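Using the sequences and the hints, build the whole thing.
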Amino acid sequence: MIRVENIYKQFGDVTAVNGVSFKAENGQVTGLLGPNGAGKSTTLRMLYGLVEPDAGAASVDGVYVNDDSIAVQQRIGVLPDTHGLYTRLTAREHIHYFGQLHELDRKTLLETTDHLIELLDMGSIAERRAEGFSQGERMKVCLARALVHQPPNVLLDEPTVGLDVMSTRTVRELIGKLRQENKAVLFSSHLMHEVSSLCDQIVIISAGKVVAQGTPDRIRDLSGQQDLEEAFVTLTERTE
Amino acid sequence: MNFAAAGTVFKKELTDGIRDRRAVMTAMVFPILGPAMIYFMFNALIDLRKDLEEIEVAVIGREHAPAMIDWLTQHNVTFKDVTEDPKQAVRDKIHDMVLVIPAGFQHRFAQSRSAVVELVNDGSRTDARNAVGQIRNLITSYGRQIGAFRLVSRGVSPEITQAVIVQNIEVASKQQIAARILNVIPMYIVLAAFVCGMGLAVDSTAGERERATLEALLINPVRRTQIVIGKWLAASLFAAVGILLTLFLCFFTLKKVPLEEIGLSFTLGWGQIVGMLAAVFPLAFMATGLQLLLGIFAKSFKDAQSYIGVLVLIPVLPGIIGTLYPIQGKAWMNLVPALGQHILLMDVVGGKAPAIWNFVVSGITALLVALVCVKLTAYLFRRERIIFSR
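Here the protein sequences come in this chain order: A and B. For reference, each letter of the first sequence is one residue, going 298 to 537 in the numbering used here. For reference, each letter of the second sequence is one residue, going 411 to 800 in the numbering used here.
Rather than coming from a laboratory, the hints here were simulated on the basis of the structure. Keep in mind that a hint or two might mislead.
Unchecked claim - If you want the ones that stay clear, here's a sample from chain B, every Cβ over 10 Å from chain A, calculated:
1) L443
2) P476
3) Q484
4) W742
5) Y789
6) L790
Unchecked claim - For the chain A half of the interface with chain B, some residues (derived, Cβ under 7 Å), not all of them:
7) V348
8) Q371
9) P377
10) R385
11) E400
All of these numbers come straight from a predicted model, not from anything done at the bench. Where a beta carbon is used, it is the ideal one built from N, C-alpha and C, also for glycine.
Take a look at the structure:
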C-alpha cells in the first residue's frame with residue numbers, strides 16, 4: 298500500500314507539487330493522470346526517494362521514505378520516466394544486475410529472471426546486448442529489472458509512452474497480472490483512455506494539485522461528463 | 411557495513427568496461443605507446459652515433475691483410491690507397507693518418523705471431539686525435555678478437571688474458587640525452603595511473619548520466635557510497651593493470667635496447683620494479699577517485715574529457731618542475747600526492763632505496779584523497795540536479 302500525505306515540492310520559483318494526497322491500495326491499479334508538467338513524475342520521485350519533499354510525507358506499507366528510504370526501496374519496483382540501458386550488457390545481465398543489487402540469492406535470481414523473460418516475451422533479446430534495442434524492447438528490459446525482486450508495490454511512470462500496439466498490450470497484461478497478485482500498482486499517464494481501461498482508482502492532478510479522485514464512475518459524476526476524456530479536460534481546465 | 415552491493419557494482423562495471431572499446435583502448439594503447447617511443451628514440455640515437463663514426467683512412471699495402479680490411483670496413487671505416495711517403499704526407503697534412511701494412515704481415519699472422527701494422531699519425535694534431543684513437547681501438551679489438559679465437563681453438567678461455575675489464579661510462583652530451591629519456595620513465599608510469607582508468611571512471615559516471623541509467627540505478631536499495639566504491643574499485647583495477655603493463659613493457663624495452671653501445675649503464679631490477687609499483691599503485695586509486703568526482707559533473711563523455719584533460723597536468727607537474735629545478739626530496743613532500751610519488755620513483759630508479767615510511771606516508775595521503783573523492787561523489791549522487799538533468 299502506497300500513501301502520499303499532503304506533499305509539496307518547489308523548484309526555484311515553480312511549485313511542482315502543491316499539496317498532493319492520495320493512496321494506492323493492494324490489489325488495485327491506481328492511475329495518476331494529468332497533463333505534461335502537472336507534477337506526476339515529481340510525485341513519484343518523492344515516493345521512491347530520489348527527490349526530497351519540502352513538506353508532507355510519503356510511505357509504503359507503513360514505512361516513511363524520510364525515515365528509511367532503503368526499506369521503502371526494497372518494497373517497491375519502479376519504472377522511472379527515463380528508460381536508459383547499459384548498451385554493452387545483455388537484457389538478461391540487466392535483470393541480474395538489479396536482482397543482485399537487491400541481494401537476491403542465486404537460485405531465486407535465476408528463476409525470477411527466467412520467469413520474467415517468459416512473461417514479457419523477451420526470449421529473442423535475452424542474450425542480446427542492449428545497443429540498438431527498439432523502444433518496446435527497452436521498455437521490457439526496464440520493466441523486468443524493476444520487478445526482479447518481486448516487490449509488493451509497483452510504480453510505473455508512463456509505462457506505455459512511445460510503444461507500438463503489441464508492446465502496449467504486453468504492458469497492460471502485465472499490469473493486470475500484478476493486480477491479480479494483490480500488489481499495489483500506481484502508474485502515471487497523460488492518456489485518459491488508457492487509464493480508464495486499466496484503473497480501479499483514478500487520481501487526476503493538474504498544476505501540482507489533485508483535482509479529482511475516485512473510481513472512473515465517480516470521476517464521470519464529478520465532471521458531469523459521460524465521456525472520461527471530456528471529464529478529464531473539464532476537470533483540468535477548472536484549475537487553470 | 412555490508413559490501414555485497416559494492417561487489418555487485420564492481421563486477422558489473424568491470425564486465426561493462428572490458429566490453430567498452432574506448433575504455434580498453436585507453437588502458438592498453440597508453441602503456442604500449444611510451445615504451446615503443448623509448449625503443450625508437452634509443453635506436454635512432456645509436457644509429458646517429460654510428461653515422462658520425464665513419465672514418466676515412468689512407469692505406470698502404472691493403473693487399474697484405476684483406477681479412478682485417480674487410481672487418482674494418484664493416485665497422486664504418488673507408489680506405490683510400492696512397493703511394494706517397496706516409497710520414498711526409500701526414501706531416502704535410504695531406505692525410506690525417508696513414509695505415510701501413512708491411513709485406514710480412516700475412517706471414518707472421520699465419521704463424522700466430524704478433525703481426526705489426528704501422529699507424530702513422532701526428533700526435534700534435536688535435537683535430538685528428540679522435541679518428542686516430544678510434545682506428546687504434548678498432549685494430550686493437552680486431553687483434554683481441556683474433557687472439558681470442560686462437561685461444562679458444564687451443565682450448566683456453568680468452569678471459570684468462572683479461573684479468574680486469576674497464577667498462578667505459580661517459581656522461582657527454584649524447585649520454586645526457588639518453589639519461590633524460592630514461593628519466594621520463596617514472597613520469598610516464600605516473601601518467602599511466604591517471605590515463606588507464608580514466609575511460610572506465612568517466613563511463614561509469616558521466617556515461618551513466620549520458621545514457622540516463624543513473625535514476626534507475628539509484629532507486630535500488632543500496633547506499634550511494636557502496637555504488638561509488640564499486641565503480642571506484644573497477645576503474646582502479648583498470649588503472650593498476652595499465653601501470654603493470656607500462657612497467658613491464660618499459661622493463662623489456664630497456665632489455666632490448668643496446669644501451670651499452672652508447673656507453674650507458676641502466677638496469678631495472680626486480681627490486682626496483684616492486685618499489686615502483688608500491689609507489690604508484692596508491693596513486694591509481696587517487697586518480698580514479700578524482701576522475702569519478704569530475705566525471706559526475708559532466709553530462710556526457712565528451713563533456714567529461716574536457717574537464718579531465720586538465721587533471722592529467724597534476725602528475726606531470728612535478729616531473730616538469732624537476733627537469734627545470736632538480737627537486738630535493740624533503741620529508742613534507744611525501745604528504746603532497748603526486749609529488750611524493752614522483753620523488754619515490756626518482757629515488758627507486760636512481761638506485762636509492764627510500765625508507766618504508768616514505769612509501770606508507772605517500773600511499774596513505776593518496777588513498778585519503780581518494781576516499782574524500784568517493785565520499786563527495788556519493789554525496790553528489792543524492793543531488794536532484796545530478797540525477798535528473800541531462
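Hints versus structure:
1. L443: The claim holds: L443/B sits with its nearest Cβ about 25 Å from chain A, beyond 10 Å.
2. P476: holds, 69 Å
3. Q484: Holds, because the least Cβ-Cβ distance between Q484/B and chain A comes to about 57 Å, which exceeds 10 Å.
4. W742: Label holds. Min Cβ-Cβ 43 Å, cutoff 10 Å.
5. Y789: The assertion about Y789/B holds, with a minimum of 14 Å to chain A.
6. L790: With a cut-off of 10 Å, L790/B remains clear of chain A, as the shortest Cβ separation is near 13 Å.
7. V348: Result: holds, 6 Å to nearest chain B Cβ.
8. Q371: holds, 4 Å
9. P377: holds, 5 Å
10. R385: Nearest chain B Cβ about 4 Å off; hint holds.
11. E400: holds, 6 Å
When held up to the earlier numbered hints, the structure conflicts with none and fits them all.
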